[in-house]
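Here is how the chains run, residue by residue.
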Amino acid sequence: MKQMAFTYQPNLLSESVTMENQTEVAEMKKDSPIIEIKNLNVKTSEGKILKDINLKIPKNKIVVLLGPSGCGKTTLLKSLNRLTDLYKELKVSGQIIIDGQDIMKAGQNLAVMRQKMGLLSQRPFPLPASIYKNVAYGLKLKGIRSKKLISHSVETNLKRVGLWNEVKDRLKSPVTSLSIGQQQRLCLARGLAVKPAIILADEPTSALDPISTKIIENLFKELKQHYTIILVTHVLRQALRLADHVVFMYYGEIIEQGHPDEILKNPKTAILKKYLVDGN
Amino acid sequence: MNRLKLIEEWIFKIISFIAAYSVVLILLYLLIVVFKKGISALSWEIVFSMPEGGYYFGGGGGILNAIVGSFYLSIGATVLAVIIGLPAALFINVQLIRLKRTQNTIRFFLDALWGIPSIVYGAFGFAAMLFLGLNASLLAGIITVALLITPILVRAFDEVLKTIPVELQEASFSLGSTRTETALKVLFKQGFAGFITALLLAFGRGIGDAASVLFTAGFTDNIPVTFDEPVATLPLSIFFQLSSPIEEVRQRAYAAAIVLTVIILIISVSARLLSKRYSKNSIK
Ligand SMILES: Nc1ncnc2c1ncn2[C@@H]1O[C@H](COP(=O)(O)OP(=O)(O)O)[C@@H](O)[C@H]1O
Ligand SMILES: [Mg+2]
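Chains as they are written, first to last, in this note's numbering: chain A, 1 to 280; chain B, 1001 to 1284.
Any given hint might turn out to be false.
For lysine-lysine, the following PhoX-like pairs were computed, each having C-alpha atoms within a straight-line distance of at most 25 Å [stated by the list, open to error]:
1) B:Lys1100 to A:Lys88
2) B:Lys1276 to B:Lys1162
3) B:Lys1276 to A:Lys172
4) A:Lys140 to B:Lys1276
5) B:Lys1189 to A:Lys168
6) A:Lys172 to B:Lys1280
7) A:Lys168 to B:Lys1100
8) A:Lys56 to A:Lys168
Hints listed in this document are in silico derivations from the structure and should not be mistaken for laboratory results.
Can you make the complete structure from the sequences, with help from the hints?
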């Protein structure tokens, strides 16, 4: 059990993840998904936002949530790390099993549970601090005090998002000196620094220029070797480029899901056919 | 149709122009009157010396007691108000984030408190003093002025916190912070510039208010050394001098008014400058 937990928080900083460990656990868990959502309902007083969502999310794949705006993609994503808690008007019920644990019952461990997931939102929301402190923030929360470890992690993670060369001379500068595209990559680095197993990305490129978009997309392709990525997008071509699995949602329900080639090239339902043509 | 819109636009422009400039003009006129009447009486002696015997009947000396007293009182009151107000504002915005209705009820009551005339606070402070057996003193004045400015401070802090995007809180939570950590490490820092502004504005309100200290702070020619001594304040000093039958003393009232006005102007300007300086790290 301990071993499983270990591989679900891949530690890319150290090379200590041994091959035996990886294969052993991979075999044990080959078919079991990293996230399993059972009968998830999210309601407000006005009605249901998510209706009986049942979904299995496989490990180290990019799962794309697709659907017209307002269909509940963001809500589904926020349910996964219980950011829905911040909104009293939302009533969440059902089961979300991550890593064998029902996070709806996380209780005191909410913070630890949330650190298993990195969040990338529609617009970058860096913390009001320097570039360095943004990446260091999560580490300090984890109780890591060693300056050396923190500096090392800051450097590694900024390198991973391709930001290091652009910012290494001004790590102490405020984040506001970065462009939106750079800020979004910083937010990714900040999330990766706490070593999550899952990345939740809510239309992460919708506010970005084409070049930054390309960088983020390529990053995702690399990251999926070690991370499970749940990506919300309404850009069909992005879904085709990145997705291993596409989930099409409509008015709070999952209508169709499957391999992108199947889903996007041979849609079965009329709703999806219409969406692929008109975009809603 | 288009023409009508142009005319509409034009009328609206004129009205807002008049409104904006009349505010500025009234302020300028007020400043001119005060300066004109007071400048002749204003001197180093008035600002930097203590009143000599019979100051309010034309005796020599100055209003240093009231200047220092006002600072003592307002600083004390602001500190007390921050101690109560900052946690209160954070509480409303972090702990109550899910309870929109409770939030709005609290805001409503705070706004109502904001609207209560300061003489009512004075009377309340006076009653509370009698109840507690306090004399008119620095402490009683501090408490009363703190009562007056706390709602202002909480609401100003609250407005700052409200402008902080909820996504920033989400980012902080998703990195694994608790509510307290989010409040202290993210919201507080993001709002810091706004807090400074709020603080200085509350301080300005405190230092300029006469009615709340009328019964509670007392008045004295000395500078208090302990909390239970009475304290002089600039607004009351102006009030006493203005009510003097002697022309020369009334002129000095305007000199004191200049001092008070300049202090408040300095506070407002520094509020602006400081908030600029400290907002460099906050996310826009
Ligand atoms: N906190 C909330 N309170 C009430 N309604 C909400 C809340 N959050 C989302 N909704 C509603 O739920 C629906 C789905 O929203 P969302 O998940 O943001 O959709 P998407 O991300 O697919 O555009 C929308 O109709 C939205 O108005
Ligand atoms: Mg959305």
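We went through each hint and held it up to the structure:
no.: 1; hint: B:Lys1100 to A:Lys88; verdict: 8 Å, holds
no.: 2; hint: B:Lys1276 to B:Lys1162; verdict: 19 Å, holds
no.: 3; hint: B:Lys1276 to A:Lys172; verdict: 19 Å, holds
no.: 4; hint: A:Lys140 to B:Lys1276; verdict: 28 Å, violated
no.: 5; hint: B:Lys1189 to A:Lys168; verdict: 24 Å, holds
no.: 6; hint: A:Lys172 to B:Lys1280; verdict: 12 Å, holds
no.: 7; hint: A:Lys168 to B:Lys1100; verdict: 43 Å, violated
no.: 8; hint: A:Lys56 to A:Lys168; verdict: 40 Å, violated
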